[in-house]
Structure formats: C-alpha cells, structure tokens
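Mapping to UniProt numbering: the sequence shown position 434 is 434, numbers consecutive.
Please keep in mind that the hints were generated in silico from the structure rather than gathered at the bench. Misleading hints may appear alongside valid ones.
Here are the simulated DSBU-like cross-link-like pairs (lysine-lysine), alpha carbons at most 35 Å apart as the crow flies [unchecked claim]:
| no. | residue 1 | residue 2 |
| --- | --- | --- |
| 1 | Lys764 | Lys392 |
| 2 | Lys472 | Lys389 |
| 3 | Lys472 | Lys447 |
| 4 | Lys153 | Lys695 |
| 5 | Lys721 | Lys532 |
| 6 | Lys604 | Lys481 |
| 7 | Lys392 | Lys447 |
| 8 | Lys392 | Lys532 |
| 9 | Lys447 | Lys481 |
| 10 | Lys157 | Lys402 |
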Amino acid sequence: MAIEREIDWSGQRLSLADVAGVAAAHGVPVGRLPYASRVLLENLCRSVLWGRPVSERDIAALLGGTGAADLPLYVARVILPDSSGLPALQDLAALRDAVAREGGDAAAVDAMVPVDLIVDHSLQVDVWGTPDAERRNLARELERNAERYRFLKWAQKEFRRLRVYPPGTGIIHQVNIESIASVVASADHDGKRWAFPDFVIGGDSHTPMVNGLGVLGWGVGGIDAEAAMLGQAYIFPRPQVVGVRLSGRIAPPAMTTDAALLITQSLRAAGVAGCMVEFFGPAVPHLTVVERATIANMAPEYGATCGFFPVDEQTLAYLRQTGRAESHVELVEAYCKANHLWRANAEECPDYARIVEIDLADAAPAMAGPRRPQDRLPLTHVAADFSAKLTKPLSEGGFGAKDAVLPSDVFPGHGGIALAAITSCTNTSNPSVMLAAGLVARRAVEKGLSVPAWVKTSMAPGSRVVTRYLEKSGLLPFLEKLGFNVIGYGCTTCGGKSGPLPAETAAAIEQGGLVAAAVLSGNRNFEGRIHKLIRANYIGAPPLVVLYALAGSIDIDFDREPVGYGADGAPVFLRDLWPSQAEIDALLPLARDPALFTAVYDGKAAGAGVWEELDAPVGETFPWDRQSHYLVEPPFFARTGGADPVADLVRSLGDARVLAAFGDSLTTDHISPSGEIPLDTPAGQYLAAAGIAQKDFNTYVGRRGNFEVMTRATFANIRIKNALMPEVEGGFTRHFPDGETMTVFDASRLYQQEGVAAIVLGGKEYGTGSSRDWAAKGTALLGVRAVIAESFERIHRANLVGMGVLPLAFRPGEGWRQLHLTGGEQFSFAGIEAAVRHGTPVRVTAMGEKGAVVFEAEAQLLTDAERALLSAGGILRQVLTDFSPSEHGSNG
Numbered sequence: 001m002a003i004e005r006e007i008d009w010s011g012q013r014l015s016l017a018d019v020a021g022v023a024a025a026h027g028v029p030v031g032r033l034p035y036a037s038r039v040l041l042e043n044l045c046r047s048v049l050w051g052r053p054v055s056e057r058d059i060a061a062l063l064g065g066t067g068a069a070d071l072p073l074y075v076a077r078v079i080l081p082d083s084s085g086l087p088a089l090q091d092l093a094a095l096r097d098a099v100a101r102e103g104g105d106a107a108a109v110d111a112m113v114p115v116d117l118i119v120d121h122s123l124q125v126d127v128w129g130t131p132d133a134e135r136r137n138l139a140r141e142l143e144r145n146a147e148r149y150r151f152l153k154w155a156q157k158e159f160r161r162l163r164v165y166p167p168g169t170g171i172i173h174q175v176n177i178e179s180i181a182s183v184v185a186s187a188d189h190d191g192k193r194w195a196f197p198d199f200v201i202g203g204d205s206h207t208p209m210v211n212g213l214g215v216l217g218w219g220v221g222g223i224d225a226e227a228a229m230l231g232q233a234y235i236f237p238r239p240q241v242v243g244v245r246l247s248g249r250i251a252p253p254a255m256t257t258d259a260a261l262l263i264t265q266s267l268r269a270a271g272v273a274g275c276m277v278e279f280f281g282p283a284v285p286h287l288t289v290v291e292r293a294t295i296a297n298m299a300p301e302y303g304a305t306c307g308f309f310p311v312d313e314q315t316l317a318y319l320r321q322t323g324r325a326e327s328h329v330e331l332v333e334a335y336c337k338a339n340h341l342w343r344a345n346a347e348e349c350p351d352y353a354r355i356v357e358i359d360l361a362d363a364a365p366a367m368a369g370p371r372r373p374q375d376r377l378p379l380t381h382v383a384a385d386f387s388a389k390l391t392k393p394l395s396e397g398g399f400g401a402k403d404a405v406l407p408s409d410v411f412p413g414h415g416g417i418a419l420a421a422i423t424s425c426t427n428t429s430n431p432s433v434m435l436a437a438g439l440v441a442r443r444a445v446e447k448g449l450s451v452p453a454w455v456k457t458s459m460a461p462g463s464r465v466v467t468r469y470l471e472k473s474g475l476l477p478f479l480e481k482l483g484f485n486v487i488g489y490g491c492t493t494c495g496g497k498s499g500p501l502p503a504e505t506a507a508a509i510e511q512g513g514l515v516a517a518a519v520l521s522g523n524r525n526f527e528g529r530i531h532k533l534i535r536a537n538y539i540g541a542p543p544l545v546v547l548y549a550l551a552g553s554i555d556i557d558f559d560r561e562p563v564g565y566g567a568d569g570a571p572v573f574l575r576d577l578w579p580s581q582a583e584i585d586a587l588l589p590l591a592r593d594p595a596l597f598t599a600v601y602d603g604k605a606a607g608a609g610v611w612e613e614l615d616a617p618v619g620e621t622f623p624w625d626r627q628s629h630y631l632v633e634p635p636f637f638a639r640t641g642g643a644d645p646v647a648d649l650v651r652s653l654g655d656a657r658v659l660a661a662f663g664d665s666l667t668t669d670h671i672s673p674s675g676e677i678p679l680d681t682p683a684g685q686y687l688a689a690a691g692i693a694q695k696d697f698n699t700y701v702g703r704r705g706n707f708e709v710m711t712r713a714t715f716a717n718i719r720i721k722n723a724l725m726p727e728v729e730g731g732f733t734r735h736f737p738d739g740e741t742m743t744v745f746d747a748s749r750l751y752q753q754e755g756v757a758a759i760v761l762g763g764k765e766y767g768t769g770s771s772r773d774w775a776a777k778g779t780a781l782l783g784v785r786a787v788i789a790e791s792f793e794r795i796h797r798a799n800l801v802g803m804g805v806l807p808l809a810f811r812p813g814e815g816w817r818q819l820h821l822t823g824g825e826q827f828s829f830a831g832i833e834a835a836v837r838h839g840t841p842v843r844v845t846a847m848g849e850k851g852a853v854v855f856e857a858e859a860q861l862l863t864d865a866e867r868a869l870l871s872a873g874g875i876l877r878q879v880l881t882d883f884s885p886s887e888h889g890s891n892g
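Can you build the whole structure from these sequences, using the hints too?
Set out below in structure tokens:
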C-alpha cells in the first residue's frame with residue numbers, strides 16, 4: 001500500500017511518500033532496492049496518494065522484479081532545448097487549433113507541469129578567433145531565428161508553466177545542474193506541503209548529465225515530452241538496473257574526460273543499452289559532482305537510459321558551491337535521509353540485475369573516434385589507427401582515400417585538422433579540464449607556439465561561469481591568443497553547428513579529396529555531424545584539443561614528435577606543455593566561488609535585451625503565417641485514414657517495398673541530420689525553389705518547425721550508407737520494381753502515389769544517438785509503416801511507436817543480411833493485428849527474383865501501454881482524441 005509520512009523541517013510539517021514503508025509492506029527491505037528504483041517507487045506511491053490513475057498493482061509490478069511491466073510515471077518537470085522544444089510546442093499549438101476546430105476548449109491544451117526551455121541549439125560558429133566573435137555570432141543567431149523566437153515568446157505567454165531562457169544563457173544540461181535542478185522539489189497538494197525527488201525528463205538525450213547531481217532524469221523524444229507536458233503519465237517499462245562498481249582513482253596525466261571515455265567503451269561492450277546504470281564503489285565518494293556529471297552525460301554514448309549517482313555529501317557541496325540557498329541545501333539533506341534516498345556508504349550494493357567492474361586507474365589520455373564515441377583510442381594509438389583506416393575501403397570501415405599532395409602552407413594533406421573546438425556541456429561543466437586547457441595554452445604562448453592558419457578554433461562554454469573563472473585565473477588571454485575566443489554560449493560544434501571552414505581550407509579539402517580531421521571536447525562525433533567536409537572526428541579532453549590544434553594534424557605521435565617549434569627554434573613536446581595536477585588544483589577554488597554562479601544566474605543572459613524587444617503575437621491560438629518557411633503548421637493532427645489505425649496498418653503492409661537498408665549503428669544523425677543544409681539535397685532544393693538564398697538556409701535544427709524541410713531531410717545525411725546504393729554516400733536509393741535511382745524523398749513520394757507502403761531494414765543498434773523526434777516524425781511522413789532491425793536504441797524505438805510506425809526485430813542471429821535479402825523484394829506481413837494487440841510474432845514474406853524468404857519478427861512493443869498507443873495510431877492522434885469533445889470530452 002502507498003504510505004504517507006510526515007517529517008519536521010525548519011518549523012513546518014512536510015508530507016512524503018514513504019519509500020521504506022511501502023517496500024516493507026511488499027516484503028522488500030529498502031536496502032535491496034537500487035536508489036534509482038527508490039525514486040521510481042516514490043513517484044508511484046505519491047501518485048496513488050495524490051489520486052492519480054496509478055494503482056497498488058503498479059507498485060507491486062515495480063517491486064516484483066520479474067516479467068514486463070508498465071510504470072505510469074508523473075515527472076516533476078520537463079526540460080527542453082529549443083531544437084526539440086520548439087517542435088514540441090509547435091505541436092501543442094497545432095493541437096490547440098485542432099481542438100478549436102472540433103469545438104473544444106483550445107486553452108485546455110496547456111503545460112500541466114513546469115517546463116524549462118533553454119535556447120541553446122541555434123548558435124552557429126559563423127565568426128571565430130576574434131574578440132567580438134560572441135557578439136557577432138549572437139547577433140547573427142537572433143537575426144536568422146527571429147521568427148522562431150517570436151513563436152517561443154508567444155508560447156511563453158500562452159502556456160502558463162513554461163519558462164524560456166533566452167539565447168546566450170548557456171547549454172541546457174550545464175544550466176540544469178548549475179541553476180535549475182533542485183534535487184528535492186516541494187509543492188502544495190490537498191492542503192499539505194509535500195517534498196519529493198526532482199525527477200525530470202528532457203528533450204535531449206544528454207539529460208542524464210543531471211544524474212551526476214543525484215537527480216534522476218533521462219532523455220526522451222519530443223513526442224513523449226509533449227505527453228508529459230500535457231499532464232499525462234509517462235509510461236516507462238520497468239527498468240533493469242545495472243550496478244557499475246567504480247574502484248581506483250583517475251591518475252594524472254589522465255583526466256575526467258579520459259575516465260568518461262573508458263566507462264563509455266566498457267559499458268558499450270558490457271551491453272547496457274536500455275538499462276539504468278547506477279554507480280557505486282570506493283571511487284565514488286572521491287568524484288566531485290562535475291566529474292560525475294561528465295560521466296553521466298555520456299549515458300547515451302554507452303547506451304544506458306541514465307548513469308545515476310545517488311545523493312550524498314558531494315551533492316550538498318555542489319549545491320552550496322553553485323550558490324543555492326542554505327535552507328534548500330538543508331531540505332535536500334533532511335528529505336533524502338528521511339526517505340532513504342541518501343547514500344552514506346558508497347560500498348553499499350543493492351540487488352542490481354548485474355554488476356560491471358571498472359577501475360578508474362585504467363584511464364589514460366585518449367581520444368575517441370574517428371566516427372563513434374565508444375571507439376576509445378589511447379593517445380599513442382590515434383595516429384596509427386588513422387593511417388590504417390585512411391586507404392581502407394568504405395565498406396570495411398575505412399575512408400577509401402587516394403593519394404593527394406598539396407602545399408603544406410594551405411593544408412597538410414590527409415589528417416590535417418580543419419577544426420578544433422572546446423565545446424559541449426560534457427567537459428565545459430568541469431573546471432579541472434577547462435583550467436588544464438588554459439594552462440596548456442599559457443605554456444604554448446610563452447614558448448612562442450601558434451595554431452596553423454588552416455585550423456578553425458573556437459570555444460563555446462556551457463555557461464558564462466566558465467568565462468568568469470578563466471578570466472579570474474588569467475588564462476583566458478592565452479586561449480584567445482591561440483584563437484580559442486569565446487564564440488558564444490550554446491551547443492555548437494558538438495551538435496553540428498560548427499559553421500563554415502576557412503575558405504582556403506575548404507577549397508583544399510574539396511579539390512584534393514582529403515580526409516580532414518576535427519578534434520572537439522564533445523560527446524558526439526558521428527559521421528557527417530561535425531562538418532560535411534570533415535570525415536575523421538575525434539573527441540577528447542579540452543587540453544588535448546588545444547594540443548592537436550597546435551600540431552595541426554591528427555597524424556602525430558606525441559611521445560616522439562614535437563607539437564611544434566618554439567620561438568627559439570627548439571622542439572616543444574606534449575610533456576613540455578602538460579600541467580601538473582598541483583597547478584590545476586591551485587586554480588580550482590576560483591571556479592568554486594558561489595558568488596560567480598549567483599552573479600551569472602541572477603543577471604541577464606547576453607541575448608536577454610534583444611529577446612525582450614522581440615514582438616510576439618498574442619491569443620490562445622497561434623496565427624500561422626502561410627508564407628513562412630520556418631513555422632509551418634504540422635500535419636500530425638489532421639484526421640486521416642480510417643477509424644481503426646491497426647486495420648490501416650494491416651492493409652498497408654499487405655504490399656510493401658524497402659525504402660532503404662542499413663547496417664549496424666545507424667544513428668538519429670544519419671536519419672535526421674542537424675547541421676547545415678546543402679544546396680544539392682531535397683531540403684536545399686525545396687528552400688531554393690521558395691526563393692531563399694543558400695546563405696539564409698540556416699541549419700536543419702533551425703528549420704525543424706517546417707515539416708516540408710524535415711521530411712526531405714530524413715535519411716538525407718551526406719554520409720549515410722544505404723545498402724541499396726552501396727557505391728555512393730548520401731540520401732539516395734532505388735525505387736522498385738524498376739530499380740531506378742533517385743533520392744529517398746522522391747522514392748517515398750512515388751511509393752505513396754502508387755499506394756505502396758515503405759519499410760526500412762536495419763542492423764544492430766538502430767537509432768543510436770540524440771533523442772531526435774524528427775527521426776521518427778520524418779520516417780512516418782515518408783510513408784514508412786514498419787522498420788525491421790536486429791535491435792533498437794530505446795528512445796528512437798519509442799519515438800517510432802509514438803508516430804505509429806511499427807518497430808520489428810529479427811530473431812536473434814538473424815538479420816536482413818544473414819537472410820540474404822537484397823532490399824529489392826516485395827514484402828508482405830501476416831499477424832500484424834495480433835502482434836500489435838497481443839505481442840505475438842509477425843510472419844514476414846519477402847518475395848524476390850529467387851523465390852520467397854519467410855521469417856518471423858517480433859514486434860518491439862514492450863508494454864501494454866505501447867501496444868495501446870500503436871493501436872491508437874500514435875501519441876499525437878491519441879491526444880487529439882483525448883481532447884476532442886466529440887470523442888471523450890475535453891480533459892481540461
């Protein structure tokens with residue numbers, strides 16, 4: 001049973017949902033429960049006490065530990081970047097229109113939980129290496145995105161619990177831990193004051209960064225975020241919690257980044273995809289919150305739902321360090337201790353599903369790449385690995401490069417570094433690695449080193465706090481001397497918004513067919529993400545970014561080769577530039593001054609003034625501009641198809657063709673790119689036909705409010721490899737049965753005209769990467785009704801279900817390649833209705849030139865809630881039904 005208990009705190013009575021009492025009532029000692037499970041248990045118990053549609057059976061399902069179970073969770077808040085937040089709010093605006101058209105109350109469509117939206121994903125590195133780079137980039141951002149930002153201002157007025165942070169504030173996840181996250185929240189309910197965990201879902205896959213602060217949270221697609229914003233339960237399968245025992249210490253010269261890359265590599269190999277990871281062990285008490293956050297941030301890279309560090313003394317220290325009120329810090333401690341959410345003993349080992357052991361002493365200076373963050377390379381192996389991949393064919397994971405010779409003063413040839421960026425909340429949240437980068441820069445400048453002209457350098461801190469402590473330490477001028485000027489505060493290079501390369505560099509790469517490299521302190525380095533001309537991308541610690549920028553080439557052995565030559569002509573090696581731990585530690589107090597955080601977060605962001613001056617429309621419904629190519633009313637709430645979505649699905653999959661076929665680790669970046677829009681793509685041609693100059697295309701992120709652009713962008717990444725077109729990269733395919741070559745978009749339109757459903761074939765880990773709802777929305781708008789893959793990443797699989805696309809998995813050991821399918825077959829499916837409603841296998845027949853291949857596939861609908869959702873045609877169709885007075889009445 002759900003049990004309410006009260007505690008005395010600061011002269012008042014606080015109610016709480018008693019975690020230990022409820023667990024004991026079910027015969028489970030609370031000490032056996034992982035801390036992440038305790039947060040979920042509290043959520044279910046409080047929902048019962050608050051009268052939400054959650055039952056004692058749901059609590060029993062969580063505590064039972066066997067079999068599939070749906071957990072109806074009600075999050076404390078939602079956090080969104082503008083990249084996924086604007087489309088989510090746009091859907092809510094369109095839902096208001098649809099409800100109004102059907103005679104309902106448009107205003108009932110509102111944010112029912114607190115929603116924070118941080119405008120951080122629209123900044124591009126247009127200007128770099130100059131003292132005014134930040135100002136000019138911000139001005140360009142506001143200029144190109146004014147229409148989008150006016151919409152956000154309208155939403156802020158109309159959705160009562162929405163708070164928007166203007167451009168120039170920082171990166172969502174760093175702002176979250178430094179200012180927004182409360183760890184313990186409180187609210188009035190039924191005449192009582194309640195305290196409860198700050199449980200959050202976010203529209204960005206790196207939301208788990210806040211796990212380092214002891215806040216349970218993870219990334220979801222914008223589709224799930226919309227439902228949570230509307231006050232609906234977030235349905236989540238009961239998780240498997242994997243314990244990761246951390247031992248040892250990070251030994252210099254290794255840094256936190258190196259430990260994070262080690263953990264990413266280890267947990268990918270251990271297979272934690274879809275699991276919750278909870279860290280414990282003797283190393284944990286010695287990890288500060290910023291170190292934990294660096295590790296937790298990489299949860300999507302190691303495939304986990306989250307990487308959770310429970311609340312302890314380090315949590316309180318960070319809350320005080322970042323200027324939180326002492327009364328609130330005391331609340332966090334009192335509540336967590338009273339409700340068994342405080343970890344006093346890091347060696348405590350609850351009943352984890354399994355345990356993975358990682359020794360942090362194994363961390364060593366490393367880079368990850370050239371295509372995936374889990375591909376960790378010790379620093380001594382980077383050059384050799386690049387050389388080995390250089391001429392290896394694309395089909396074997398190489399670059400398929402040919403010899404090219406160019407003057408060294410233009411670009412040094414294959415392996416030349418075209419871009420070096422200190423970026424991403426992963427590392428800029430961590431003062432030790434940022435100060436180390438500054439110390440490397442200072443020594444380099446003192447020795448007379450400089451960065452070659454062909455390297456584009458930039459620094460985009462995750463918050464303005466970083467700039468403040470780099471200024472106080474005296475290190476910022478040395479970074480600026482090397483070209484690492486602050487270009488703004490936002491998710492830039494790591495998110496594919498690296499901006500243009502120097503013209504000479506770009507020309508040299510294109511004319512020579514060169515395999516250029518990028519180094520960044522980010523968390524993502526997928527193909528085609530960082531820059532369309534850069535094919536080898538490596539992530540690592542900020543000081544290594546500075547060192548590689550100085551060297552100008554990825555093809556360097558730092559142990560034997562000099563980084564460069566000093567003013568005196570003498571060689572300068574890495575060992576001459578690398579700071580000692582004592583030097584870093586001496587500067588850390590400057591970065592831990594609460595006054596820094598108070599000044600930054602009590603003040604106005606750099607873009608606040610212009611933001612406040614923006615005019616915004618008013619009214620319950622948004623006045624769509626029919627001439628706009630930024631904000632186009634989305635088509636998801638149009639009443640199309642028959643009354644029974646499952647019958648529509650069964651009918652369409654009676655005759656299907658393969659739109660595209662892919663190998664392993666297809667990312668959401670491949671499916672829905674985020675960077676610049678090339679002119680020679682369907683999206684670029686659409687914008688050009690509308691009379692928009694190429695310089696004004698903006699990025700795919702900037703155009704996410706236009707479904708016409710985003711549908712054309714789907715499967716159009718310039719580096720995507722469709723097995724139906726093995727000889728080329730990019731968004732091309734073959735139309736069947738004629739075999740004609742065309743773009744994926746054109747083929748999809750032709751299939752729709754012919755009344756033929758499209759399907760997609762995939763390998764292992766289909767949909768890895770960012771929680772990009774447009775990867776699922778675009779798939780659905782292309783007419784894809786099913787995706788058959790060997791395995792799926794959690795968020796993308798859930799997003800496909802949310803858009804009414806059926807995810808199917810081959811049986812273990814099978815796949816389209818193992819079954820010798822070519823993609824040219826005609827597919828039919830039997831048992832769809834039973835699979836959707838009851839979870840039974842689907843029988844698939846692929847009829848090709850050599851006869852039929854018949855196999856079974858499992859519907860990847862993991863809970864009753866997901867089966868019901870697909871039966872309703874997806875979440876957007878379902879919420880329209882919920883709000884429609886002609887169906888079930890308005891739920892306002």
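Do the hints match the structure? See the list:
Between lysine 764 and lysine 392 the alpha-carbon distance is near 23 Å, which keeps this suggested pair within the 35 Å criterion. For the given pair, lysine 472 sits about 43 Å from lysine 389 by alpha-carbon distance, which is inconsistent with the 35 Å threshold. Annotation: proposed proximity of lysine 472 to lysine 447 holds, straight-line Cα distance about 22 Å (limit 35 Å). Simply put, lysine 153 and lysine 695 have alpha-carbon atoms about 26 Å apart, close enough for the 35 Å limit, and the pair holds.
Between lysine 721 and lysine 532 the CA atoms are separated by roughly 15 Å; this keeps the pair inside 35 Å, and the hint holds. With a CA separation close to 28 Å, the supplied pair lysine 604 and lysine 481 stays within the 35 Å bound. About 38 Å separates the Cα atoms of lysine 392 and lysine 447, which puts this hinted pair outside 35 Å; it is violated. Taken as a hint, the lysine 392 and lysine 532 pair is honoured in the structure, with Cα atoms around 20 Å apart against an allowance of 35 Å.
About 13 Å separates the Cα atoms of lysine 447 and lysine 481, which keeps this hinted pair within 35 Å; it holds. For the suggested pair lysine 157 and lysine 402, the alpha carbons sit about 57 Å apart, so the restraint of at most 35 Å is broken.
Violated hints for the displayed structure, listed by number in ascending order: 2, 7, 10.
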